[in-house]
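Undergrad: Listed here are the chains, written in short residue letters.
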Amino acid sequence: DSGVTQTPKHLITATGQRVTLRCSPRSGDLSVYWYQQSLDQGLQFLIQYYNGEERAKGNILERFSAQQFPDLHSELNLSSLELGDSALYFCASSVGKGQGIYTIYFGEGSWLTVV
Amino acid sequence: ILNVEQSPQSLHVQEGDSTNFTCSFPSSNFYALHWYRWETAKSPEALFVMTLNGDEKKKGRISATLNTKEGYSYLYIKGSQPEDSATYLCALRDNDMRFGAGTRLTVKP
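The listed protein sequences derive, respectively, from chains P and Y. Take 1 as the starting number for the first sequence in the working numbering and just add one per residue. Take 1 as the starting number for the second sequence in the working numbering and just add one per residue.
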């Protein structure tokens with residue numbers, strides 16, 4: 001158990017809908033990262049937050065947004081869902097801002113299926 | 001943006017074989033290189049963090065080296081066991097954390 005909690009574990013929804021994935025980082029970790037794992041692709045970095053502020057942005061679609069709240073939990077919002085958005089979405093957390101040797105710890109992921 | 005390449009894509013070895021795979025990167029302009037082990041139906045688990053050219057890390061039968069001058073890191077597994085079967089991911093820590101596609105290792109009993 002990494003200490004990173006993600007909900008829901010599984011989610012099935014229809015195209016055009018909107019979903020919210022939730023992540024609670026490890027106790028004491030200030031950074032939260034979101035990654036997408038699609039079929040036949042590696043872990044694609046979406047976005048990172050550090051202590052409530054956006055820190056780095058990767059290949060995140062405009063239909064997707066995220067935020068980190070004062071209690072440090074984070075939400076990833078996916079809207080106007082398409083079939084291709086079906087993937088495993090990982091949240092990860094680390095102590096540091098990003099510069100350094102801090103390990104990032106992964107949650108178990110949220111499986112999203114768009115039908 | 002740092003591109004991380006891993007090779008081979010997949011590897012099948014017999015129990016007891018030693019094996020190694022490569023993580024390549026075009027530039028040494030990063031803070032750290034990380035290796036992760038990712039078993040099916042689980043979340044990636046950190047193995048090593050390396051920062052300096054010439055770094056060597058070891059954990060049991062698994063070890064890793066880093067050569068920033070020539071742009072690669074090797075992960076070695078000595079005497080592979082079936083429980084070593086997993087995908088091994090390399091990641092570079094820049095302003096974010098970028099992962100390679102991984103090497104999928106299968107160890108046959």
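Everything labelled a hint here was simulated from the structure, so no lab data went into it. Heads up, some of the hints might be wrong.
Unchecked claim - Only pairs whose alpha carbons sit at most 27 Å apart, straight line, appear in this in silico BS3-like list of lysine-lysine: (1) Y:K57 to Y:K69; (2) P:K57 to Y:K59; (3) P:K9 to P:K57; (4) Y:K69 to P:K9; (5) Y:K108 to Y:K58; (6) Y:K59 to Y:K42.
Undergrad: Of all the hints given earlier, name the ones this structure violates by number, lowest first.
TA: Violated: hints 2, 4.
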